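Chemist: Just so you know, the protein sequences line up as chains A and B, in that order.
The first sequence begins at 1 in the numbering used here and counts up one residue at a time.
The second sequence begins at 238 in the numbering used here and counts up one residue at a time.
Since the hints were derived computationally from the structure, they do not count as laboratory data.
Source: prediction; values computed, not measured.
Yeah, the Cβ is synthetic: ideal placement off N, Cα and C, and Gly gets one too.
Pairs of lysine-lysine residues, derived as BS3-like cross-links and limited to a Cα-Cα distance of at most 30 Å, are as follows:
| no. | chain 1 | residue 1 | chain 2 | residue 2 |
| --- | --- | --- | --- | --- |
| 1 | A | 122 | A | 84 |
| 2 | B | 248 | A | 122 |
| 3 | A | 92 | A | 144 |
| 4 | B | 248 | A | 144 |
| 5 | A | 87 | A | 71 |
| 6 | A | 87 | A | 144 |
Which bits of chain B does chain A cover? Going by a derived footprint, with three or more residues having C-beta under 8 Å, they are:
| no. | segment |
| --- | --- |
| 7 | 241 to 249 |
| 8 | 531 to 541 |
If the Cβ cut is set under 10 Å, some of the chain A residues that face chain B in the computed set are:
| no. | residue |
| --- | --- |
| 9 | 52 |
| 10 | 58 |
| 11 | 82 |
| 12 | 102 |
| 13 | 117 |
| 14 | 146 |
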Amino acid sequence: MMLLEGRNLRKTYRLSRRISLEVLRGVDVDIKAGEMVAIMGPSGSGKSTLMHILGLLHAPDANDGPAPELKFEGANVTRLSDGKRTKLRAHKMGFVFQSFNLVPTLSALENVTLAAEYGGMKSSAARRAALETLSWVGLDHRAKHRPMELSGGEQQRAALARALVNAPTLLLADEPTGNLDSSRSAEVLALLRRLNSERGQTTLLVTHDPAVAASTDRVIRMTDGLVDAEPQLALAA
Amino acid sequence: MSTLRNLARRKLRTTLTVLGITIGIAALVVFSSMANQINSLVGLGAEFYDDKIVVTDGEPFGTSPMRLADADAIAALDGVAAVDPRVELLWESDLAIGFGIPDTVTGSTPGADAGHDTVPLKLATGRMLTAEDEGNLVVLGSTLAVKHGVVAGGSVEIRGEAFEVVGTLQSTLTAPDTTALVPLRTAQLIYLGDLPPLVAESLVAEELVNQIIVYPVEGSDFDAVAGAIEATIANSATMTGAEFDETVGGTTAIFNAIIIGIAVISLVVGGLSVINTMAMSVAERTREIGIKRAIGGSRRRIIRELVGEAGLIGIIGGLIGLTLGWVVVLLANDLGRSSGTVLFDLTPGTAVFAVAFSTILGMVAGLIPAWSAARLDPVAALRYE
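Next comes chain A alone, as it looks inside the complex (with noise of 0.2 Å):
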């Protein structure tokens, strides 16, 4: 089953008056659920730009082209409101940023219980879920901790508690190992690796680490705002 279907996916930025950036030229893109997809590209292909689209952060661009179309769970959110997206994206999606991301003020556990909250749950349910979340990503005997007291591997660990909390249908990493040593990213890549096939966790992630690409069941590389032509296709012509 496709779990998300994008066509003639564009998206410029304005930066001015006069310049603009287009940084996704029509992209066709199929993620299946279950599968576990890695984006790759150098600096400004438009990787990122595109999880942001396919995390329903960004809306495409309609004019200039072809009418875009993005379904997710075979619905059209091509262009919904702010407020069913951001609905989404707390039931049904969970991120997780380069940088980590948490709310600084927060403990790890009101990290996650928030997300939980936002998900719909009462904040007891949210709590206990949250709990059970942290110790999932072996952070629990950590769970009092503030972002600032945790290292960079524990804070990456407590984000993707954070974005699984809800169990999301949807997992989206923007260069989750980009802010780690090699042995920490080692760890969370090796979490991602076991929820895709222990739960069938549907996993969408960017990143520039060929290591982290491989692990993966699909690679998507992009230049210039275009996804390559895949490679197995032109060995099957």
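Starting from the structure of chain A, add chain B where the hints point.
Modeler: Frame of chain A; chain B shown alone:
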């Protein structure tokens, strides 16, 4: 609860914001209290003159002697219900120019108003004077009682003579606080002593008064009665309630407007500092707001959270500001009481207004930046450093 925790974890910023509000609200409380006091002084003056006509001699300062017989002549006029002839003196024989109301000694015959006076005085200790009292007896206003440290049964010295304190009055925060009430005869004797020897030679103490309070019959034309009095008593001047409102009320209205103006300025300055601090604190948290929006926090929820925090800061700042203002008012009144200058009156209405204003101001101040923060593109907010 989580709102309080959020504030507690941003101690420095919260403290500074609260401090800003505190100062604004404290200033508001102090200036409003001052305006209250002036209002009640004017109000009491107006109330005092409301039901009576005050007759003095026609001299510029109205302190030259009149005769007790004048009071009888007035009493005989049409439309006059009661007359209360008095002697009003300064406590000190030499006129010291001070700020506020000078201490005074008033001699009158208790009950002369025949129940017409509508400004009641309440006793704190002891008893009121009666018509039978004679000699050096005194009922002290509350400020005078505090100043001389006496209650009923004690004694004070007025013009070099010992007076037995038979009673002290409750505080009114107005003129009666600095007034000593003595029997008419007693005041007449002091008054005679005050007059230049050449004038005094031809006078008899018990005939002297310098103020006659006239209570017209209810519903009568005060101006007509005042006119009749001036026609009957040579060289007399009358003051009715309407005239008081015009002369004194007019001046105090300007003074009051200045005070309220200062209060409004402190309010605006306090308000702007709250808005500024709130805007800064929201800007500092742009990235955090981006995180929350990205992981599914709705705009409404973000706004609610920020406005809740701003309101709480407003309440805390308001309460501390009120306390601070209250302390200032208490200290200033305490200091002022010894010189007879009670300047502030902090009413419950002012207190409630100050805290409510601070809370609402905080929320409104928080709403504006919260609204714009919640509308930020989450991705852009996440990149914000």
